[in-house]
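Could you put together the complete structure from these sequences and hints?
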Amino acid sequence: MDFKNFGLSRDLLYLCSLFLGSGAASFLRILRKDCTIRKKSFLITALLCQASCVVALLAASIILSRGLIFGVSIIYPFIGLFFVLGGLAVYFPRAGGYPAIFFAGLCTVYICFSFLAYPGLKEPEQLAARATGTGLVIKQKDGARDIDTSFNGDDIIGFEAVCVTANPAYPLIGGERRGLITCILGNREELFSFYGKGKKQQNSFRGSWGSRYENFYLELPVRAMPPGIGVKVLFDGKQLYFDPPVQL
1 MDFKNFGLSR DLLYLCSLFL GSGAASFLRI LRKDCTIRKK SFLITALLCQ
51 ASCVVALLAA SIILSRGLIF GVSIIYPFIG LFFVLGGLAV YFPRAGGYPA
101 IFFAGLCTVY ICFSFLAYPG LKEPEQLAAR ATGTGLVIKQ KDGARDIDTS
151 FNGDDIIGFE AVCVTANPAY PLIGGERRGL ITCILGNREE LFSFYGKGKK
201 QQNSFRGSWG SRYENFYLEL PVRAMPPGIG VKVLFDGKQL YFDPPVQL
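Heads up: the sequence shown begins at 1 in the numbering used here, then just goes up one per residue.
What the hints contain is simulated information worked out from the structure, not anything from laboratory work. There may be inaccurate statements among the hints.
Quick list of in silico lysine-lysine cross-link-like pairs, DSSO-like style, CA-CA up to 30 Å [claimed, not checked]:
no., residue 1, residue 2
1, K33, K4
2, K139, K122
3, K238, K122
4, K4, K122
5, K33, K141
6, K232, K139
7, K139, K238
8, K238, K4
9, K141, K232
10, K232, K122
Here it is, written out as structure tokens:
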């Protein structure tokens, strides 16, 4: 699943199965006794167009992946699902097709929206923390924030982050990694959440089938960051770390 063009090849194969299902339904409708000559003419034209799309999409998928796409077994349930949706849409457009496609689209939009709510990790997300006499000053891309709290040398400042990796079989977003630094903790109790409703946002994607949800935690003794001294915390989806490294 790590070969080049996997995502594009997968999505083209899904489209291919959608047109294949609709083509099969068009063929079955042609064979019905109540199909008029005019309707048969229309369905034959549609069937030829669908067959052309199937051949073109299948060829493009095979070329882009060099045939490796068929070795990824996790995509087969989705191929079957798109085949069924395409068939229902043509054979039972009002009774089954439209509701099924609407429901499938709704699920896709929900999953994609929940996942895309996390920032991308093409570049490591970072924040700067500087100790003051009464707490911390936190700086991110959207500005600075003051956290008023009293620390002593034995206290622990913690940084928490989360990373989600979408199921590789999901259309459009499959295999992509996203994440964010969620909050700062003092002695393992939350001092500040960067996203306000972050807990709800984090949980929105947790139940998605086959996707990975990982938490990261990094801590720093207060004595390693006396007033006036700052640290830079980075998160790249694989680790949460200080840059440059902090001597504990």
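Going through the hints against the structure:
{"no.": "1", "hint": "K33 with K4", "in the structure": "48 Å, violated"}
{"no.": "2", "hint": "K139 with K122", "in the structure": "20 Å, holds"}
{"no.": "3", "hint": "K238 with K122", "in the structure": "12 Å, holds"}
{"no.": "4", "hint": "K4 with K122", "in the structure": "17 Å, holds"}
{"no.": "5", "hint": "K33 with K141", "in the structure": "66 Å, violated"}
{"no.": "6", "hint": "K232 with K139", "in the structure": "9 Å, holds"}
{"no.": "7", "hint": "K139 with K238", "in the structure": "22 Å, holds"}
{"no.": "8", "hint": "K238 with K4", "in the structure": "21 Å, holds"}
{"no.": "9", "hint": "K141 with K232", "in the structure": "13 Å, holds"}
{"no.": "10", "hint": "K232 with K122", "in the structure": "18 Å, holds"}
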